[in-house]
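Residue numbers (this note's numbering), protein chains in the order written: chain A, 1 to 473; chain B, 474 to 735.
Keep in mind that a hint or two might mislead.
Said to hold, decoys possible - With a Cα cut of at most 27 Å, we get these calculated DSSO-like pairs of lysine-lysine: (1) B/Lys726 with A/Lys20; (2) A/Lys403 with A/Lys9; (3) B/Lys670 with A/Lys467; (4) A/Lys58 with A/Lys100; (5) A/Lys74 with A/Lys235; (6) A/Lys9 with B/Lys659; (7) A/Lys9 with A/Lys100; (8) A/Lys35 with B/Lys502; (9) A/Lys9 with B/Lys563; (10) A/Lys467 with A/Lys9; (11) A/Lys35 with A/Lys9; (12) B/Lys659 with B/Lys563; (13) A/Lys20 with A/Lys35; (14) B/Lys726 with A/Lys382; (15) B/Lys563 with B/Lys585; (16) B/Lys659 with B/Lys502; (17) A/Lys58 with A/Lys382; (18) A/Lys74 with A/Lys58; (19) B/Lys659 with A/Lys20; (20) B/Lys502 with A/Lys382; (21) B/Lys563 with A/Lys467; (22) A/Lys197 with A/Lys100; (23) A/Lys35 with B/Lys659; (24) B/Lys670 with B/Lys659; (25) B/Lys726 with A/Lys467; (26) B/Lys563 with A/Lys58; (27) A/Lys9 with A/Lys20; (28) B/Lys585 with B/Lys670; (29) A/Lys403 with B/Lys659; (30) B/Lys585 with B/Lys502.
What the hints assert, rightly or not - Derived coverage of chain A by chain B (criterion: at least 3 residues anywhere in the stretch with Cβ under 8 Å from a Cβ of chain B; other residues may be distant): (31) 325 to 331; (32) 431 to 438.
I should point out that these hints are in silico values taken from the structure, not numbers from a laboratory. Every residue, glycine too, gets a C-beta built ideally from N, C-alpha and C.
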Amino acid sequence: MQPTSHAFKDNAARALHDEKLQRALLNVPTGFVQKRARARDRLPEFDALREEGVAIKKHALAHLDLYLEAYERKVHESGGHVHWAPTAEDARRIIIDLCKDRGARLVTKGKSMVSEEIGLNDALQAAGITPVETDLGEYIIQLRGETPSHIIAPAVHLTRDQVEADFRRVHTTLPPDRMISEAPELVAEARAMLRQKYFEADIGITGANFLVAETGSSVIVTNEGNGDLTQSLPKVHIVVTSIEKIVPTLEDVSTILRLLARSATGQEFSSYTTFSTGPRRAEDPDGPEEYHVVLLDNGRSALLGTVFEDMLRCIRCGACLNHCPVYQAVGGHAYGWVYSGPMGAVLTPSLVGVEEAGPLPNASTFCGRCEEVCPMRIPLPKMMRHWREREYERHLTPLSYRKGLNLWAWAATRPNIYRRLASVAARALRLLAGRRGGFRRLPLASGWTRYRDFPAPEGKTFHELWKERRRHG
Amino acid sequence: MVARPPHVGLFVTCLIDLFRPSVGFAAVKLLEWSGCEVDAPAAQTCCGQPAYNSGDRADTRAIARQVIELFAPYDYVVVPSGSCAGMLHKHYPSLFAAGTAERQAAEALAEKSWELVSFLTHVMGVEAVPSAFEGRVTYHDSCSGLRELGIHREPRQLLQTVRGLELVEMRDSEVCCGFGGTFCVKYPDISNDMVEKKAANIEATRADLLLAGDLGCLMNMAGKLKRRGAPIAVRHVAEVLAQELSAPAIGEKPSSAKEPAT
């Protein structure tokens with residue numbers, strides 16, 4: 001997927017004028033935010049659990065190489081294969097080769113953001129292989145030729161009416177009088193269409209929420225059970241995931257799983273949590289004959305030991321997106337790449353470059369709600385600020401803006417000059433405002449006055465008045 | 474031995490200095506009521522947030538050094554703004570390398586830096602103010618004060634003691650108003666969307682007066698309420714707590730017949 005993060009401002013403007021999108025986005029605060037708050041309140045030890053989760057991930061990242069090697073050994077022992085993919089290109093090639101070698105024509109897919117990151121569906125199609133998304137949200141956006149706008153709710157940018165219209169357009173056998181306006185009916189309709197695909201598929205591809213070094217298992221969580229069918233019915237199961245998903249033990253996974261669903265959807269646990277360890281064994285009633293794991297790096301190991309290392313703790317729960325007022329205003333597509341919201345504003349520059357994604361870390365008021373709700377306590381505002389520092393150092397910040405800052409700082413470090421300038425400014429603005437309390441238009445602040453009045457100053461600065469009061473006792 | 478009153482250096486934020494001195498004087502009044510001796514050193518300018526949040530570390534450090542030195546002699550530094558107090562308290566130390574004398578000085582300053590209302594309640598033990606205000610009031614939790622400094626209960630606790638004041642909570646009082654310093658200039662459209670939602674929540678309370686602890690957020694919300702034609706006055710929380718209401722509300726016409734002194 002080609003990033004359009006550089007065009008965030010235009011993307012955002014379009015999003016703000018998209019009435020259907022705005023209607024769909026109203027579900028974010030009323031759904032996710034409230035449900036998480038209730039789930040959190042129901043679990044008194046939630047914050048203690050967060051500390052445990054953070055410690056587990058920190059430890060795993062500090063010894064990432066050791067745990068990945070241990071994981072690989074365990075996968076081999078259970079009869080599976082691990083493929084190391086330094087780049088997105090490598091990951092695509094490995095998967096396409098696996099598919100081609102097995103003569104695969106149809107591939108079912110569970111939801112995977114890493115597969116979005118490497119642009120897998122386009123690559124499969126180009127190789128003559130048909131991918132079918134089986135997660136309801138992913139299925140909907142695949143019908144529409146779109147990308148996910150949220151890491152856990154890929155179709156959150158759509159209203160139910162839009163989804164119904166898409167289903168009626170594509171599912172030509174659907175009787176016009178059958179109601180499909182409610183969510184369960186939409187799920188049932190997608191399920192019916194997908195049922196046959198699971199059996200027809202040559203290969204099932206899923207992502208992984210976690211990898212367990214102790215056992216060589218990959219773990220997925222879903223609410224529709226589609227992941228289970230995707231990975232257990234075809235002959236081959238390919239897991240495409242990234243290196244930072246590793247945790248040391250099963251005990252560790254169960255700790256973090258308790259945080260994941262609560263933070264994401266406000267559930268105690270997701271409906272399905274599935275552990276896969278290698279292909280089917282002789283005594284297993286079902287399961288794939290082959291089990292492959294494609295482990296993507298794609299710039300992640302370069303973050304180790306840097307100020308961005310903490311970002312690798314992210315468990316992709318989406319809480320930061322849900323609680324971000326900027327995300328709530330513009331939705332995920334405006335961010336112009338796979339990952340959106342605060343986590344995307346940090347991760348995207350790491351993966352595609354700050355030159356491309358510079359607007360994203362700037363699109364924050366630093367309100368800090370993302371960090372507050374992050375189960376992994378990732379200091380997202382701090383890391384966005386680090387990206388802004390990189391931009392500033394590399395002179396990517398607009399020149400006029402830089403000059404303005406330097407001038408401000410120059411004056412701010414010369415108190416006498418600053419005092420005089422402040423007095424003149426306060427007085428001039430007061431005079432300009434005349435008898436009015438504020439400005440409806442102000443030449444250098446048009447971005448502000450387009451939408452709101454600009455309150456006028458009182459006329460004298462605090463320090464002038466303070467001096468006067470002192471003098472007159 | 475008679476305990477001497479705490480010597481407080483008032484950090485007058487650049488917005489208060491320039492736009493709304495009355496907030497500074499309200500802060501002085503509250504601090505003196507509580508038993509502090511207050512000074513506002515004239516050589517202060519700004520806390521450096523615009524540079525800091527724009528990634529300009531060198532300029533931020535230069536400004537921080539100046540603030541650290543200027544306020545070193547005081548027992549406490551008190552700031553009538555959660556965001557600037559957060560800058561001094563939370564961010565200054567991170568500007569300097571661990572183990573250096575500069576870092577030590579920054580930590581010493583951070584240690585004694587407080588946001589005004591939390592200073593009054595936590596340090597000075599103020600439980601009530603001798604003020605009065607007739608009307609329905611709603612309070613917006615500005616992000617930095619709320620999330621960097623954990624201020625939530627303190628302003629409400631003191632407001633409850635203002636005679637005649639009825640406090641009503643707005644929906645999503647803890648959601649950002651869209652100001653965000655340079656954010657409102659860089660992304661005016663998104664900022665507007667956020668302050669529109671905020672204004673709707675404020676209007677729904679049918680309050681007469683909106684209060685908050687940060688002038689940036691207050692100017693943003695006042696400007697939006699005015700543009701929407703909402704008849705809701707906007708003030709800094711310190712003005713009501715100190716009953717310093719002589720200045721017209723933020724963005725309102727000067728009430729006296731004569732022009733303000735120029």
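For the pair supplied as a hint, B/Lys502 and A/Lys382, confirm whether the alpha-carbon distance does not exceed 27 Å.
violated (35 Å)
Holds or violated: A/Lys74 to A/Lys58, with C-alpha atoms at most 27 Å apart:
Roughly 22 Å separates the two Cα atoms, so the pair holds.
Between B/Lys585 and B/Lys502, does the CA-CA distance stay at or below 27 Å?
OK: B/Lys585 and B/Lys502 at ~20 Å, within 27 Å.
For the pair supplied as a hint, A/Lys403 and B/Lys659, is the alpha-carbon distance within the 27 Å limit?
holds (15 Å)
Check whether the Cα positions of B/Lys563 and A/Lys58 lie no farther apart than 27 Å.
holds (23 Å)
Satisfaction of hint between B/Lys563 and B/Lys659, Cα-Cα up to 27 Å
Distance ~25 Å between B/Lys659 and B/Lys563 Cα, so the pair holds.
With a cut-off of 27 Å on the C-alpha distance, tell me whether B/Lys670 and B/Lys659 pass.
Roughly 19 Å between the alpha carbons, so the hint for B/Lys670 and B/Lys659 holds.
Holds or violated: A/Lys74 to A/Lys235, with C-alpha atoms at most 27 Å apart:
OK: A/Lys74 and A/Lys235 at ~21 Å, within 27 Å.
Can you confirm whether the C-alpha distance between A/Lys9 and B/Lys659 stays at or below 27 Å?
holds (9 Å)
Is the straight-line distance between the alpha-carbon of B/Lys726 and that of A/Lys20 27 Å or less?
violated (40 Å)
Between A/Lys403 and A/Lys9, does the CA-CA distance stay at or below 27 Å?
holds (22 Å)
For the pair supplied as a hint, B/Lys659 and B/Lys502, is the alpha-carbon distance within the 27 Å limit?
violated (36 Å)
Comparing the model with each numbered hint stated earlier shows that hints 1, 3, 4, 7, 8, 9, 10, 11, 14, 16, 20, 21, 23, 28 do not hold.
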